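K.L.:
Now for the letters of each chain:
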Amino acid sequence: MVVVFAVSQVGSLVAAASIPKVIQHIVDGPITHRHLDQLLPMGALLVAVGLVEFIFVFLRRHYSGTASLHMETDLRNDFYAHLQGLQVSFHDNWQSGQLLSRAISDIATVRRFVSFALIWFLQTVVTFVVVVILMLQLDWQLALVVVGCMLPIAFFSHRFHEKYKFIARRMQDQQGDLTTIIEEMATGVRIIKAFGRMPLMQKRFEDQAGLLRGTSLHAINERAEIWTQLNFLPNLSLVSVLLLGGMSVVQGRLTIGGLVAFMSYVFMLTWPMDAIGWVLAMREEFQTASERLNEVLDSHPEIADRTHARTHERSRGRIEFRGVGFKYPKSNDWILRDLNLVVEPGETVGLVGRTGSGKTTLAYLVPRLYDVSEGSVLLDGIDVRDLQLRSLRSHIGVAFEDPILFSASVHENLVMGRAIVSDHELKRAIDVAQAGFVWDLPWGLETRVGEQGYTLSGGQRQRLALARAVLGTPPVLVLDDPLSAVDVHTEAAIEEALARALQGVTGLLVVHRPSTLALADRVALIDGGSIAAIGTHRELLRTNELYRALLSQEYREDREEALA
Amino acid sequence: MAGLLRRRSRRLLAGLARPYRWWLALAAVLILIRSAAFLSLPYLVGLGIDKGVRPGTTGNLSTLYLIVGALLLAIALNALANFAFLRVSGQIGANMLFDLRRTLFAHVQELSLSFYERYTSGRIISRLTSDIDALNELLSTGLNSVLTSTISVLAITVILLRLDVRLGMVTLVAMPIVVALTYWFRSNSGRAYRAVRRAIVLVIVHYVESLGGIRAVHAFRREPRNQEIFEDVDARYRDANIWSNRLVSTFGPAINLLGRLTTTSVLLYGGYLVIQGQLTLGILTAFVLYLRQFFDPMQELSQFYNVLQAAGAALEKLAGVIEEAPTVPESVTPIRLDSVKGAVAFEHVTFAYRDKPVLHDIDLNVPAGQIVALVGETGAGKTTMARLIARFYDPTIGRVTLDDVDLRDVAVEELRRAVVTVTQESFLFSGTVGENLLFGRPGATRDEMVEAAKAIGAHEFISAMPNGYDTDVRRRGVRLSSGQRQLVAFARAFLADPRVLILDEATSSLDLPSERLVQRALRTLLRGRTAVIIAHRLSTVEIADRVLVVDAGRVIEDGPPSELRVAEGRYGSLHRQWLESLA
Chain L
-8 MVVVFAVSQV GSLVAAASIP KVIQHIVDGP ITHRHLDQLL PMGALLVAVG
42 LVEFIFVFLR RHYSGTASLH METDLRNDFY AHLQGLQVSF HDNWQSGQLL
92 SRAISDIATV RRFVSFALIW FLQTVVTFVV VVILMLQLDW QLALVVVGCM
142 LPIAFFSHRF HEKYKFIARR MQDQQGDLTT IIEEMATGVR IIKAFGRMPL
192 MQKRFEDQAG LLRGTSLHAI NERAEIWTQL NFLPNLSLVS VLLLGGMSVV
242 QGRLTIGGLV AFMSYVFMLT WPMDAIGWVL AMREEFQTAS ERLNEVLDSH
292 PEIADRTHAR THERSRGRIE FRGVGFKYPK SNDWILRDLN LVVEPGETVG
342 LVGRTGSGKT TLAYLVPRLY DVSEGSVLLD GIDVRDLQLR SLRSHIGVAF
392 EDPILFSASV HENLVMGRAI VSDHELKRAI DVAQAGFVWD LPWGLETRVG
442 EQGYTLSGGQ RQRLALARAV LGTPPVLVLD DPLSAVDVHT EAAIEEALAR
492 ALQGVTGLLV VHRPSTLALA DRVALIDGGS IAAIGTHREL LRTNELYRAL
542 LSQEYREDRE EALA
Chain Y
6 MAGLLRRRSR RLLAGLARPY RWWLALAAVL ILIRSAAFLS LPYLVGLGID
56 KGVRPGTTGN LSTLYLIVGA LLLAIALNAL ANFAFLRVSG QIGANMLFDL
106 RRTLFAHVQE LSLSFYERYT SGRIISRLTS DIDALNELLS TGLNSVLTST
156 ISVLAITVIL LRLDVRLGMV TLVAMPIVVA LTYWFRSNSG RAYRAVRRAI
206 VLVIVHYVES LGGIRAVHAF RREPRNQEIF EDVDARYRDA NIWSNRLVST
256 FGPAINLLGR LTTTSVLLYG GYLVIQGQLT LGILTAFVLY LRQFFDPMQE
306 LSQFYNVLQA AGAALEKLAG VIEEAPTVPE SVTPIRLDSV KGAVAFEHVT
356 FAYRDKPVLH DIDLNVPAGQ IVALVGETGA GKTTMARLIA RFYDPTIGRV
406 TLDDVDLRDV AVEELRRAVV TVTQESFLFS GTVGENLLFG RPGATRDEMV
456 EAAKAIGAHE FISAMPNGYD TDVRRRGVRL SSGQRQLVAF ARAFLADPRV
506 LILDEATSSL DLPSERLVQR ALRTLLRGRT AVIIAHRLST VEIADRVLVV
556 DAGRVIEDGP PSELRVAEGR YGSLHRQWLE SLA
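Protein chains in written order, with the working numbering: chain L, -8 to 555; chain Y, 6 to 588.
To be clear, the hints were calculated from the coordinates, so they are not data collected in a lab.
There may be inaccurate statements among the hints.
Stated by the list, open to error - Here are the simulated SDA-like pairs of lysine to any residue, each with C-alpha atoms no more than 25 Å apart in a straight line: (1) L:Lys12 - Y:Ser45; (2) Y:Lys361 - L:Pro433; (3) L:Lys156 - Y:Asn141; (4) L:Lys318 - Y:Met470.
It should be emphasised that the depicted structure is a prediction, and the values quoted were computed from it without experimental measurement.
Based on the provided sequences and hints, a complete structural model is requested.
P.N.:
What follows is the structure, given as structure tokens:
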């Protein structure tokens, strides 16, 4: 491929450069000397050169285009793989619009540079060199004049580079911010409509789009300047050549045909100079794009397999939090600190605490969606960080409070990344989660759900997410209040089924409502970042002031209300 | 350009260009000057060779100097006009792009929820980003190349014919072939670029969705499968691009080859004429130079054509979005509501969603200030009823009224101020906590905002955050717990102070303590307001004045909770179940 490319590149250039030479021969030879019989063969030669040029240009464009498109795809695939490998907290911190604009427009910018700009640049340089050599052969003094006229290009392009690099960066960042607003509008449209805040969003969008327009105008002006300069210089050399060349002809040092050929060489430089303008602008955009891509590619996954990470075939499901502390990176506020908790195999522990007490974070530490900042989490006595991620996560079923479904079939949403799952297992999981409604969907388990598919209610989505968690009977279940959007009718049924599912399985249950507490063998009260009290629901109710304050009052109020 | 784009795309483009017609005219004038200056170069050079140099044996160079002076003037004019044109046309392009973004964003926001349910957010994102980017190229460089090239081609045609009619006719023979080539390219590349647009949407949709749910992806080890899907759609995108690239790679060089062939014909015929003494060498030289300038813009036109086809495919998609009309359009002659009391009524309301009946002939009267709870199984139609009150949908038959005025006659802005919905998706926008609260009422003072947060019980945790109300919530508030996000959503609604408040499963993700806080806050804050509550927790339902049990699109029980819970109906049995679960 490289050979084809190189051959076609050189071939097309040679063909293009030799055409004026052939024309010169025709003018100086048959026409000037009135040799009518030589005219036709020379014409045939010109056609042949033209055909060769056509073939080579096609090959060059086709191959370079294909190669650069393959490169773009590979780069985007790698970028996506890298993002998928980065820990949840990375995604928490990045505006998704910025990630999207990097994956689509920045990568396309890189491709454009590689496919056009690099080639144009090469072509320009080669054309320039070839043309200058041809000129030198014809008349070295005139050639030097042309080269002299072109010298200021170096100065102009340096100045352009100094200014444009900042503009390019600003432009691409602003594009990312604009994408973020667009994404928020598209995903938060229900809220925007609920409050009738379309004008507010519109203003935000227009402000941002206005900033982008301002930067674009700035960029346009800079480009206009450099393009004009690059356009002017070859024209200037044209005039100089006519003047000096004309004088040479008069003095008999140059033939008319030679001057004509020389002129057409100068004309040949016009396009490459235009191209240089493009290349310069593209180079800055390319550099900015790669900078922006590297910002993401340089962040290494913090949660990844350690070098000696091992697999863990069978898990008993004993979980231990040992001196666990957690804080977000670059933050000084400890969310969890000195937290110790053991969940024995088969036991279910409910986590109770104020809003924002860190219950959910604690639960996320087990499948390593977050990593501890200090201390350790152990599964069967092994630090979870010493296990291979895939192995660790295969032992843990997670149900998130927000049931995340993807645009895929119900079946695929349930199986997700697991190895082949038997129909029996699927059926059991669906039964446990009381998600039998899936059988009644238009295409059963093959019905597409998620944003692009069949619309499910909140409760249905949650039950599906629950079925996904219990599928394959993992020894550890981490459930972040899987019942919040389930209606009262199904709640009792699911709780019953859950109780069955939790039998013989270690459960970590983030509790948002008192009825779920019935599923827990023990309850851990989280306060001030650590376990404030632990025991059965009744024990805590009896002994712990805070727990009573959190729960009993509601009980009483509810009862009072209910019995009133 | 007629016929190159589908009609609706053309209309969109024309609409965008209209405000800038005078600027466009200026750009055209500038380009005329530039082209005239530029096109005079070969002519002057030819003149220089014929007149300035030929008789030069006498040593008189004054003609040459004169011509060189004219040339200098021409290139200076060319450079100035070029600079001015690039700025003007760039400005037009940037402004048109801005207008398009603005129009599209505003239009998309006006579209009804049913559009979003059908179209999906990923598609909207790709329309507003990648499709607009595709147009960017057309607007930023297209104007330049199309104007320059067309003018060049036309002007050079005239010049060629004037230089020598015979040679000019030889050149024009090439035109039908250019037309045929263009036709071939157009029909093929149109399909190729549409394939590109379709493929990029798939890439963006998968990308946005899978990274948005990265937690679930990690927890269930779906990375390899996601990678597979992504690489698959990415490969489709690549192949569509390769297809279009192959077409461009053929079209451009083919036009070039045609130029070479024409040049050869001219040389042969012209050479013959010169030998016969019917033509001067200078004219032939100028002709050959002009031919280059005839086919170079042709090349450029073919490039432009390519950009136009790419942009055309995007424009078509955008025009498709613009063509979407809101299914709940704003009334042309809205009735003004002076002060909304908040009485809501359903009059024989039947509603079908995608031809599936959801509500059947519902008659309902909610006096101002009443708190109504909707109870019923998933899919019974509770949320639909709530959405009809907020006019996210319009009823298929019958009407929904606010203070006896049909919602369809109320100005949208007024309706949104009067009726606010809080749903279970506690979506936060990027920005600070305070900004998210102020979303409820952008004009509120800081004190009012803090008051609202206090009333809801959100003040405590907000002030405990590093920068209090000025804390950045990060991407969609991931740093807040779901309960905290819900409290913010609540405070936001209370700050909005609507006459009618709809809570659609809004309390479902609250923690025990916060729910209790909200229960308390609810009681005070719902006072004097009409409220419609959909909740799964009977503790929330119990604060209502009236309970409606909805089943299969009909209201089957209606009454105060105290009566219903002792009755032998659906609600009674539910209530007893609930009491048991508390014991």
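K.L.:
Where does the structure disagree with the numbered hints, that is, which hint numbers, in rising order?
P.N.:
none
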